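There are 2 protein chains.
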Amino acid sequence: MRYVIRVLLVTPEVRRAAPSAVERAKIELDRALGASKLLVGEAGASYRADDSDVLGPSPDVVVLASSAEDVQKTLAIAERHEVPVTPRAAGTGRTGGAVPAAGGIVLATHALAQVKDIDRVDMLAVVQPGVVTGALHAMCEKEGLFYPPDPNSLDMCMIGGNVAENAGGPRAFKYGVTREYVLGLGVCLMGGHALHVGRRTVKGVTGYDMTALFVGSEGTLGVFTEVTLRLVPKPPQIATILALFTDVHACGAAVTRVLGRGIRPRCLELLDAKTLEAIRGQVSIDPRAGAMLLCEVDGEALEDETERLGEALSQGEGVVDVLVAQDAAQRARLWAGRRALSTATRKLARHKISEDVVVPRSKISELLRRVDRIGEENATRHLTYGHAGDGNLHVNFLWDDDSERPKIDRSLELLMRATIELGGTLSGEHGIGVTKAEYLPLEQSSELIELQRSIKKVFDPKDLLNPGKIFPAKGHKAC
Amino acid sequence: MRYVIRVLLVTPEVRRAAPSAVERAKIELDRALGASKLLVGEAGASYRADDSDVLGPSPDVVVLASSAEDVQKTLAIAERHEVPVTPRAAGTGRTGGAVPAAGGIVLATHALAQVKDIDRVDMLAVVQPGVVTGALHAMCEKEGLFYPPDPNSLDMCMIGGNVAENAGGPRAFKYGVTREYVLGLGVCLMGGHALHVGRRTVKGVTGYDMTALFVGSEGTLGVFTEVTLRLVPKPPQIATILALFTDVHACGAAVTRVLGRGIRPRCLELLDAKTLEAIRGQVSIDPRAGAMLLCEVDGEALEDETERLGEALSQGEGVVDVLVAQDAAQRARLWAGRRALSTATRKLARHKISEDVVVPRSKISELLRRVDRIGEENATRHLTYGHAGDGNLHVNFLWDDDSERPKIDRSLELLMRATIELGGTLSGEHGIGVTKAEYLPLEQSSELIELQRSIKKVFDPKDLLNPGKIFPAKGHKAC
Numbered sequence: 000m001r002y003v004i005r006v007l008l009v010t011p012e013v014r015r016a017a018p019s020a021v022e023r024a025k026i027e028l029d030r031a032l033g034a035s036k037l038l039v040g041e042a043g044a045s046y047r048a049d050d051s052d053v054l055g056p057s058p059d060v061v062v063l064a065s066s067a068e069d070v071q072k073t074l075a076i077a078e079r080h081e082v083p084v085t086p087r088a089a090g091t092g093r094t095g096g097a098v099p100a101a102g103g104i105v106l107a108t109h110a111l112a113q114v115k116d117i118d119r120v121d122m123l124a125v126v127q128p129g130v131v132t133g134a135l136h137a138m139c140e141k142e143g144l145f146y147p148p149d150p151n152s153l154d155m156c157m158i159g160g161n162v163a164e165n166a167g168g169p170r171a172f173k174y175g176v177t178r179e180y181v182l183g184l185g186v187c188l189m190g191g192h193a194l195h196v197g198r199r200t201v202k203g204v205t206g207y208d209m210t211a212l213f214v215g216s217e218g219t220l221g222v223f224t225e226v227t228l229r230l231v232p233k234p235p236q237i238a239t240i241l242a243l244f245t246d247v248h249a250c251g252a253a254v255t256r257v258l259g260r261g262i263r264p265r266c267l268e269l270l271d272a273k274t275l276e277a278i279r280g281q282v283s284i285d286p287r288a289g290a291m292l293l294c295e296v297d298g299e300a301l302e303d304e305t306e307r308l309g310e311a312l313s314q315g316e317g318v319v320d321v322l323v324a325q326d327a328a329q330r331a332r333l334w335a336g337r338r339a340l341s342t343a344t345r346k347l348a349r350h351k352i353s354e355d356v357v358v359p360r361s362k363i364s365e366l367l368r369r370v371d372r373i374g375e376e377n378a379t380r381h382l383t384y385g386h387a388g389d390g391n392l393h394v395n396f397l398w399d400d401d402s403e404r405p406k407i408d409r410s411l412e413l414l415m416r417a418t419i420e421l422g423g424t425l426s427g428e429h430g431i432g433v434t435k436a437e438y439l440p441l442e443q444s445s446e447l448i449e450l451q452r453s454i455k456k457v458f459d460p461k462d463l464l465n466p467g468k469i470f471p472a473k474g475h476k477a478c
Numbered sequence: 000m001r002y003v004i005r006v007l008l009v010t011p012e013v014r015r016a017a018p019s020a021v022e023r024a025k026i027e028l029d030r031a032l033g034a035s036k037l038l039v040g041e042a043g044a045s046y047r048a049d050d051s052d053v054l055g056p057s058p059d060v061v062v063l064a065s066s067a068e069d070v071q072k073t074l075a076i077a078e079r080h081e082v083p084v085t086p087r088a089a090g091t092g093r094t095g096g097a098v099p100a101a102g103g104i105v106l107a108t109h110a111l112a113q114v115k116d117i118d119r120v121d122m123l124a125v126v127q128p129g130v131v132t133g134a135l136h137a138m139c140e141k142e143g144l145f146y147p148p149d150p151n152s153l154d155m156c157m158i159g160g161n162v163a164e165n166a167g168g169p170r171a172f173k174y175g176v177t178r179e180y181v182l183g184l185g186v187c188l189m190g191g192h193a194l195h196v197g198r199r200t201v202k203g204v205t206g207y208d209m210t211a212l213f214v215g216s217e218g219t220l221g222v223f224t225e226v227t228l229r230l231v232p233k234p235p236q237i238a239t240i241l242a243l244f245t246d247v248h249a250c251g252a253a254v255t256r257v258l259g260r261g262i263r264p265r266c267l268e269l270l271d272a273k274t275l276e277a278i279r280g281q282v283s284i285d286p287r288a289g290a291m292l293l294c295e296v297d298g299e300a301l302e303d304e305t306e307r308l309g310e311a312l313s314q315g316e317g318v319v320d321v322l323v324a325q326d327a328a329q330r331a332r333l334w335a336g337r338r339a340l341s342t343a344t345r346k347l348a349r350h351k352i353s354e355d356v357v358v359p360r361s362k363i364s365e366l367l368r369r370v371d372r373i374g375e376e377n378a379t380r381h382l383t384y385g386h387a388g389d390g391n392l393h394v395n396f397l398w399d400d401d402s403e404r405p406k407i408d409r410s411l412e413l414l415m416r417a418t419i420e421l422g423g424t425l426s427g428e429h430g431i432g433v434t435k436a437e438y439l440p441l442e443q444s445s446e447l448i449e450l451q452r453s454i455k456k457v458f459d460p461k462d463l464l465n466p467g468k469i470f471p472a473k474g475h476k477a478c
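Note that the protein sequences, when read in sequence, are chains A and B.
Read left to right, the first sequence gives residues 0 to 478 (numbering that gives the first Met the number 0).
Read left to right, the second sequence gives residues 0 to 478 (numbering that gives the first Met the number 0).
Be careful, since some hints might not be right.
When chains are identical, the list treats them as one kind, so a pair holds in a single copy or across two.
As the list claims (entries may be wrong) - Straight-line alpha carbon distances no greater than 30 Å define the calculated DSSO-like cross-link-like pairs of lysine-lysine that follow:
| hint | residue 1 | residue 2 |
| --- | --- | --- |
| 1 | Lys173 | Lys406 |
| 2 | Lys173 | Lys456 |
| 3 | Lys406 | Lys141 |
| 4 | Lys461 | Lys173 |
| 5 | Lys233 | Lys115 |
| 6 | Lys406 | Lys25 |
| 7 | Lys346 | Lys456 |
| 8 | Lys173 | Lys233 |
| 9 | Lys115 | Lys273 |
| 10 | Lys233 | Lys273 |
| 11 | Lys115 | Lys461 |
| 12 | Lys406 | Lys233 |
| 13 | Lys173 | Lys141 |
| 14 | Lys115 | Lys173 |
| 15 | Lys461 | Lys273 |
| 16 | Lys233 | Lys346 |
These are computed hints drawn from the structure, not numbers from a lab.
Everything numeric in this text was worked out from a predicted model, so none of it was measured.
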């Protein structure tokens, strides 16, 4: 469900292709791939959007690639005719990365959906970009293996998009984000040049870390055709603990206690007072609670670890309750509040924007204090939840009337500024895309941005691959 | 101690500076930094070498930088006069990365040795590049924290070099290599442009992963002035287990059993039959043993994990003995063999070269078989030890007479080819430097190499920063 649709205006910097060039490209694509792999006109209209609040122009043509060769041919034709290309897997991104800012070609890779190999001894998987993350989880777990990254959209999102955005999820705290699992990539560059970077081994330092450069590059450097992923053994057991606190500051102190004792829960999900209010209609929560922490531990020494976690959570000020789930049904009950979140918050207002900032752990309380102040000063409604272990907080602003948009934008900018002031970063797992490009200069120097633009030019000198993403453009405005 | 010295011939591609330009640069460096920070002539001669077997030309001047400003000024002056610069921390690298292939300026950063911050709550350290890795370990552990990367040279090597080479060590199997711990970098680019990349948070996906691009770039993209490192809680206890097997194949099977059961030892060091022979004079080892595995586990549930590890090691074919250390003295005894390795192997021959290949775990036995065959066919002596968990093997070739060098070179090339055939990579933790540059095309396509050269050009258009490293040069030969 999408709440706010801002139509992306194409600025002079995001160059659209000449109509005649587009026509020639379409003819060549038809010849090279066949009409059944192309969508034009209304049929391709749904490819204007992803799961952010921006809508791009309609693509001139959508290519439904079903092989690496299709990707190669498309990128060769696109470069020859200078038609921009926006790569796309499931389109579940939150920052407009898959929105075709310049129209042109959308190169959809969801039909490249083969799991080519799951290797139990070397503990790796070789998959195509269109494999659904949750489906890969299930396949790995059947083999006693585990692929940790678990973005919220795991039932829909695909590995190609996860790699492009360097997706995270609750389990990232213990296991790390997508970057930590990508060993190698089959990539196709603009112009159709196929490349293999990385390896099948866990270790390696041969030349520059090109794999890491592609991970999180938001489809601006190349289009993935194959991904080699490191896997780990499946944790045999999981325990869930829910802790309630009088306020987020007591909750933050508990997080510090847990980590200080060397406990590594696989997730540490924080819900603030306003988030608890939102879900109180759906689940019953102790009325004294002003913050919740939902923790999971896994691994071999589960009982011991659960006990230590319970102790660390309990032994402090402002603890209202600590509940341990003993079985699957109880685990599900503890997760009910967190799961109700999405539906519950959607009922609160017509519009919602969910940000994805990260601050050093020690600054979580301070950021929440500042968010409160921003809310008060701008009369905006907000709630915050997120991954407390790594300081990655989803600050949500809510509003009903379009006329409120300017104060929402002001609040967002103030949030970004507060994040940077506290030593944080603009995005933990959603990327920059188009929605945060204008804030990039708050975090990065103009020299660093220019350096990245120059790297982009090495891969794509004509700026045809996913133009308008990551980097701020003068005069570029979403309205 | 160095065994073989091959003098690096400078090829036309590695351009030396004009003597007049060098003179002008020296005058400016003297003016900007003062004579006390410069070494010229014989005083700088020891900067020709690192811990590899190559020796570069004498540097024209060695700059002993003691601040980020010194680094900036040096790189500005060097670019202005087009004098090549070779950055250097401790000079303990194994592939010639710190050898001044083009003479010119050696920019030594060992005096930038401040630990600026160790933050217990955010679990990070901010250090300068000249901090000795082992000293950082000690400081972190005093605070209850842990910096896992432990290259063999940890008592001498420095963080700057570790980051440049993406250093590993035995603990890398459980904890990952340097790359996994670098959050942010202060970098100075050629020309003297200071830059900050990365962040103080664990998570983040803002623009390209520039931090990862610098890690392992072997001093060719920039010079580090500050490193922000992620830390983890110090493991409260460690247990050591030594297992002996009839041969490496039985040992390989044991490794597979251990990992298959989800046990994550912090190290799994393998010693082959020839390595055991070498250390038998110094430590007593069961005469039936043809392979040794030295394992360490750490963490909270130590007893349980040790028991499970012991079981996994024992329950298979070809197990000679499994010994568990109960206390520190016993641990030291189990490590005695591994520690004796360096001295013992040095006694075996006048010359030794230690390679650093990696194969997928399932291919360890096969690689060892091929190494035996290469040894037989070329009448070269060899022994192999290394990090079995991640397939990173140090294959050593030994010889006495310089006349044997050609067959050693042939054996090295065959080793590299075998590694690639088995799906492996040329270097696990030593980098490419000059000693392996000629093999790079065995692993990487010419397109990929060209792409990396183009990235290098973005940072250093005149190829002045550590020229002659990583990339193969036509006609470039070490003799």
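Going through the hints against the structure:
no. : hint            : in the structure
1   : Lys173 - Lys406 : neither (37 Å within a copy, 48 Å between copies)
2   : Lys173 - Lys456 : neither (36 Å within a copy, 37 Å between copies)
3   : Lys406 - Lys141 : neither (49 Å within a copy, 48 Å between copies)
4   : Lys461 - Lys173 : neither (40 Å within a copy, 43 Å between copies)
5   : Lys233 - Lys115 : within (20 Å within a copy, 39 Å between copies)
6   : Lys406 - Lys25  : neither (43 Å within a copy, 58 Å between copies)
7   : Lys346 - Lys456 : neither (44 Å within a copy, 53 Å between copies)
8   : Lys173 - Lys233 : both (14 Å within a copy, 15 Å between copies)
9   : Lys115 - Lys273 : neither (45 Å within a copy, 38 Å between copies)
10  : Lys233 - Lys273 : neither (35 Å within a copy, 36 Å between copies)
11  : Lys115 - Lys461 : neither (34 Å within a copy, 43 Å between copies)
12  : Lys406 - Lys233 : neither (46 Å within a copy, 46 Å between copies)
13  : Lys173 - Lys141 : both (22 Å within a copy, 24 Å between copies)
14  : Lys115 - Lys173 : both (27 Å within a copy, 27 Å between copies)
15  : Lys461 - Lys273 : neither (47 Å within a copy, 56 Å between copies)
16  : Lys233 - Lys346 : neither (37 Å within a copy, 45 Å between copies)
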